[in-house]
Each structure stands twice: as C-alpha cells, then as structure tokens.
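Peer 1: Residues per chain, in single letters:
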Amino acid sequence: MDKFTSHTGVGVPLKRSNVDTDQIIPAVYLKRVTRSGFEDGLFAAWRNDPEFVLNNPIYSAGTVLVAGPDFGTGSSREHAVWALQNYGFKVVISSRFGDIFRGNSGKAGLLTALVDEKVVQALWDYLDDNPGGQITVDLDAKTVTTPGGEVADSFDIDDYTRWRLLEGLDDIGITLSHESDIATYEGSRPAWKPATL
Amino acid sequence: MGRTLSEKVWDEHVVRSTPGEPDLLYIDLHLIHEVTSPQAFDGLRLAGRPVRRPDLTLATEDHNVPTVDWDKPIADPVSRTQVETLRKNAAEFGVRLHPLGDENQGIVHVVGPQLGLTQPGMTIVCGDSHTSTHGAFGAIAFGIGTSEVEHVLATQTLPQAKPKTMAVTVNGSLPEGVSAKDLILTLIAKTGTGGGQGYIVEYRGQAIRELSMEARMTICNMSIEWGAKAGLIAPDQTTFDYIEGRPEAPKGADWDAAVAHWKTLVTDEDAVFDRELVLDAAEVTPFVTWGTNPGQGAPLGAAVPAPEDFDNPQDRVAAEKALAYMGLEAGTPLRDIKVDTVFIGSCTNGRIEDLRAAAAVLEGRKVDEHTRLLVVPGSVKVRLQAQDEGLDVIFKEAGGEWRGAGCSMCLGMNPDTLEPGERSASTSNRNFEGRQGKGGRTHLVSPLVAAATAVRGTLSSPADLAPVGADA
Ligand code: SF4
Chain A
1 MDKFTSHTGV
11 GVPLKRSNVD
21 TDQIIPAVYL
31 KRVTRSGFED
41 GLFAAWRNDP
51 EFVLNNPIYS
61 AGTVLVAGPD
71 FGTGSSREHA
81 VWALQNYGFK
91 VVISSRFGDI
101 FRGNSGKAGL
111 LTALVDEKVV
121 QALWDYLDDN
131 PGGQITVDLD
141 AKTVTTPGGE
151 VADSFDIDDY
161 TRWRLLEGLD
171 DIGITLSHES
181 DIATYEGSRP
191 AWKPATL
Chain B
1 MGRTLSEKVW
11 DEHVVRSTPG
21 EPDLLYIDLH
31 LIHEVTSPQA
41 FDGLRLAGRP
51 VRRPDLTLAT
61 EDHNVPTVDW
71 DKPIADPVSR
81 TQVETLRKNA
91 AEFGVRLHPL
101 GDENQGIVHV
111 VGPQLGLTQP
121 GMTIVCGDSH
131 TSTHGAFGAI
141 AFGIGTSEVE
151 HVLATQTLPQ
161 AKPKTMAVTV
171 NGSLPEGVSA
181 KDLILTLIAK
191 TGTGGGQGYI
201 VEYRGQAIRE
211 LSMEARMTIC
221 NMSIEWGAKA
231 GLIAPDQTTF
241 DYIEGRPEAP
251 KGADWDAAVA
261 HWKTLVTDED
271 AVFDRELVLD
281 AAEVTPFVTW
291 GTNPGQGAPL
301 GAAVPAPEDF
311 DNPQDRVAAE
321 KALAYMGLEA
331 GTPLRDIKVD
341 TVFIGSCTNG
351 RIEDLRAAAA
361 VLEGRKVDEH
371 TRLLVVPGSV
381 KVRLQAQDEG
391 LDVIFKEAGG
401 EWRGAGCSMC
411 LGMNPDTLEP
421 GERSASTSNR
431 NFEGRQGKGG
441 RTHLVSPLVA
451 AATAVRGTLS
461 SPADLAPVGA
471 DA
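Protein sequences appear in the order of chains A and B. Just so we're aligned, residue 1 is where the first sequence starts under this note's numbering, counting upward by one. Just so we're aligned, residue 1 is where the second sequence starts under this note's numbering, counting upward by one.
It cannot be assumed that every hint is accurate.
[What the hints assert, rightly or not] Derived lysine-lysine pairs resembling BS3-like cross-links, with alpha carbons at most 27 Å apart:
#1 Lys162/B - Lys193/A
#2 Lys31/A - Lys438/B
#3 Lys164/B - Lys190/B
#4 Lys8/B - Lys193/A
#5 Lys193/A - Lys381/B
#6 Lys118/A - Lys31/A
#7 Lys381/B - Lys338/B
#8 Lys438/B - Lys193/A
#9 Lys251/B - Lys193/A
#10 Lys3/A - Lys90/A
#11 Lys190/B - Lys162/B
#12 Lys251/B - Lys263/B
#13 Lys118/A - Lys90/A
#14 Lys142/A - Lys118/A
#15 Lys88/B - Lys31/A
#16 Lys72/B - Lys31/A
#17 Lys162/B - Lys107/A
#18 Lys338/B - Lys263/B
#19 Lys107/A - Lys90/A
#20 Lys142/A - Lys15/A
#21 Lys3/A - Lys107/A
[What the hints assert, rightly or not] Here are the in silico distance ranges between beta carbons for each label pair:
#22 Gly88/A - Trp255/B: 54 to 60 Å
#23 Val28/A - Pro73/B: 39 to 45 Å
#24 Leu46/B - Gly132/A: 56 to 62 Å
#25 Leu197/A - Lys162/B: 27 to 33 Å
#26 Met1/B - Val28/A: 40 to 46 Å
#27 Ala330/B - Ser76/A: 20 to 26 Å
#28 Ala45/A - Lys162/B: 33 to 39 Å
#29 His7/A - Lys251/B: 55 to 61 Å
#30 Asn56/A - Arg96/B: 46 to 52 Å
#31 Ala306/B - Ala45/A: 44 to 50 Å
[Unchecked claim] Every beta carbon over 12 Å from chain B, so not counted as near; a handful from chain A, in silico:
#32 Phe4
#33 Ala61
#34 Gly88
#35 Arg96
#36 Asp153
#37 Tyr185
Hints were generated in silico from the structure; no laboratory data involved. Computed from a prediction, not measured in an experiment: that's the story for all the values here. By construction, the Cβ of each residue, glycine as well, lies at the ideal position given by its N, Cα and C atoms.
Taking the hints into account, I'd like the entire structure generated from these sequences.
Peer 2: The structure is reproduced here in structure tokens:
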C-alpha cells in the first residue's frame, strides 16, 4: 500500500444519497478472479446515462469523489472499494459512510473523509462554479481545501486508520513490519518439519 | 499448571505476543485450492509481494473439477477460469500444484495426510472450513478467508486471538457396525450446531484412541459442523504408524527427532479445559440427519420428529421449516424414507477405509433399481488404491458409478448435483438447503449406512440387509 499524506485531484460531485454497494458495483460484476478490472462495473446502472457525472469528459480524470450521505451502505463486498480504486479514485468525501465499506476502505488504502453535510454542499457548489476543479485532501492536517480557498474545512477519520494510511500499512504491511520476529522464529524451526518443495 | 495439547501447539507457534493484541502465529503448512485463492494471489501481485514460503505451501484442484472426462477441458467456463487461474498463479509464484490428471490430485484434506505432509504439532490453514480434518494428527488446523489466505501467502503468519479449550471425552468402545460418522453426528445432534463456538476441541477417551487415523479425520472434519474453531486428537502410535514411510514424512534421524517431540504433545494431567463434555460410546447407534442442518439428526431406528418435540421455540421453528423443505412427515420411520441418490465421497468419508467399508456391504449385492449410487474417491491415490483392491469392480457390479477424484456432489459446484426435490443419502458433512443442488434434499450418513441404503433404496444399515445369496 502506498503512503498517503496529501492528495490533490479533480473532484467529482455525486449528488445522490444512499449509494449502496450494489449501486457501486452490482453482483454480476463480482465473478472476476482478480482484484483489478472492477472499474467496468463501477456505478454500472448509471453509466449508460449520458447525463451521469462520470460520462462528462471534464470528470474523466476524477480522483476525489464527493458523495451524498450514507455512501457505501449494504453488503460487505470488498469489490466496492476495489471498483472505486480501479477506476482511479483516491478519496471519497461524504457526511456519512456505511460501516463495513469504511472499514474495507481503510484496509485497502482508499481514504474516506467524513465531513459535515454543509462541507459536501460547499464542495458541490464549488464544483458547479468550477467544473473539473481540484480538491486537496491533506491527511496529515485532516483538512479539505480548494485552490481558491472556496472551501477550507476539516474532516474526521479514526487515529488508527489515519496512522496506517500515513505509513502506507495494510494488515499485511503491519505484520511485515515485524519481519525480524518472523525471521527469528523461522531460524528456530526444527529441520524435520515438512516442506512441499 | 499443566497445559492442554492445543495450548502446547499454540505456544510453539507464537511469533509475537503483545497484551491486548491477537498473537501472531506461524503457519507450518498452507493448503490452497482454486476457489478461494485467486483474489489473494492478485492482491500479492498488486502489492508487488512474493509468496514468503512457497516451500510451506501446496495447491490442488478439487472443488470445481469434473469427476468424468477429467482429461478434457472443463466445460463450465467459470470453473475452467478458476482452475486455469490457479495453474497460472502456482507457476508464477512457484507453488507446488497437483492439477487434474496428477496422481496426487484430490480433495485438499485428503491429499495433505496422504502425502505425509500433515503431522502432529503443526499449524495448518486453508481457505476452506473443513481444514479441521488435519487436527486428527494433533495439529491445530482451521479454515480462513481469502484476505487471510493473502496474509499467509505474504507473511507465513496469521494474527489470531487464542480460542478457549474444550475436551470431549468418549468413554467405552463403539459397538460393532457403528462408525466414527455416527459418533460425530450424535455429538452434533446433542450439542447443536453452535455447541463448539469459540473452542478448540480435543477429542479423547477410549473410543477415540481405538479409532483408525481415517476415522479420526472424520471426527475432526465435522468439528466445524458444531461450530468449533478446530478439533484435534493427541498423536499416538496409531498416528506415527500412519505417517511413517509416506513421501513427505521425516526419515532416519529426523524421524526419531520428530517422534520424540510428538510424544510430548499430550494434555498434561493437571491441565484445565474451559469446558468438558462426556459421551458413552456404547450408546451410539447408526445415526442419520432428517433436517437441513447437521444437528438435526436421530438414530436410524427412530422416526422423523415433530416440531412439538422440541422445547426451544427456535428449534421448533427450525424443525418445521426443515420438514417442509425435506418433504417429510413427522412420525415417519427414518427407515421408510426413500432415497434417489447415494453419494459416497467427500473429505469426511472419501478415503480408502470408507470405500472398503462401503464395498464390503455392496459385495454380491445390487443397488436398488430406483436408486443411483455415485462413488467419488477423495483423491486419485484413493481411486488407484481402490482399483488395486478391486473395489471399483464391486461398486460397478452392484450397479454404482465409479468416478474421478474431487469434492463432487458434496457441494455441487461441478456437474454432479441433485435435481430439485431429489433426495440423497450422502457421506458428506453438510445438509444445508440446496447444498447438493437447488431444491435437493440431503440426509447425512456413514459409508456403511450409505451402502445399505443404496441396496434397499430406503435409509438402512447393513443389519437390515438379507444375507448375501438369500432371496431379497
Ligand atoms: S469435500 Fe466438501 S466439505 Fe470437503 S473440501 Fe470439498 S466441498 Fe468442502
């Protein structure tokens, strides 16, 4: 997992509430045997609609999703997080997240920035006035800002997830930070223990 | 204070222990199959991580594979993709794979012990709940999810909270004609499917000591059906004899060192379990399930229970639903239940001893004309050994189908499934709704009961059969 300190990228206004994980990626897209390629199923039900925000070329390079409340409710599928990441998103900003989705995001390295509802509205207003405008999310300072100072506010994230993202550590990364303990243990294993190779 | 067997094995594998955090456990053997591994390998690839210990990892193809025409490409595209993905991943990450067609291919929990890779005192994991099977050798063995598969591939460790310990002591000896499957089904019916929740269970007592390794595997296999994290049995001479001489068993001085250590793997006299259960082996009789969870079982001599027989309101509702799904009426003698398909196989009862037991019943007899018998060996080795012993001929002459190795009808991921409404007597471990095919109805039974049922066409034990040669 890459370290996340601060990210600046094109903001994408998703002006909907209660976007559950079935809407993020429908079940028919889950058959893949990889952890990549799920971008084709991202928001599948809306992608045929020419009016849908991701179909606007201005947002094609979007990396910061600004969503209405209760984003990521529903099933526990980790694929919802992978789909957003595979598409290119680094951050989702919302005033409320589904619990499991938020947990999965933290593990996979997608930053979920929890803000006040009025901050979401302010970001939407900013993007209406500046389509394709950039948003900076600073994890170190826990702030969301826009280049012209239209929005400058703070966001919430639990300390443990913040630490892991700042250090770029997933569960495996954390275990590997104890690599010397593992190597020491391996050095003490009896020689007669079975091996497959 | 002394320690239990599982505590000893656990302590030997702690890489790192910090108060308030789960222990980091070292994993001695990681078994892999096609269904739960693809995303784990892809996760490694995305993060640019290698498999830390390919030499402690073994892959085989089992869940999806066809049991006929296994030399041809797999017809179902999703199954084929999963199997092909496993082959690519194994090649790319340097993992040993026993693919379809290889003489060591088979159900992952049959292959490990058969190769001698499963040994006492080990930690063994696999992305499959019936990993508990390997506990029969005195190992801590349990199933894990795909994220954990990736964790073990990358680090050869797993963070784990220490489970509680339970002892199940089975006193006395099992009566003639009663098998390990009857014993474990009886235990599950007594304790319910949640009875073992949160525990590593040690099975002990005279009846357990008297079991063969294969029968012990049947017991530990179904630990998961009563909710236990894992089940294990202390290693003894029976265990050592089973392992000695197998391809991956220690040899020479290594063997002596290994056995010396294995002999220390017993629960100390003064060790204390968090919970203890005691069973009398003499009371166990041939046992079958009538419902849709493994705890809904009864002695073969009993009748289908009525929902009112249960005191607990939840059990009553569950029984009502189960009877409706199973198409059974309360009060019907279990022996009168007609069966369409008999399935002998799976990681519970697909080993050579199971096939021998079934063949002994079927020898000189015919499968009922309205019943289909499917015999699926747990591994290619089991298939070849059975053929050497002529068991395949007995099954075929009786009118049964003799198949290739795999999970097959245990979970119906390959083409071997029940039709809606069809009823099976199955030596596997799960009788959930739709497990063996949409709308299929499963009765869990032992290999002896399965074989006798095939002959009579209704749930039966060998004692119900007319002697061979007598008019039926
Ligand atoms: S035989 Fe059945 S229970 Fe055993 S591993 Fe295969 S599918 Fe699972």
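Peer 1: Could you tell me which of the hints above the structure violates, numbers in ascending order?
Peer 2: 6, 7, 8, 18, 23, 24, 26, 27, 28, 37
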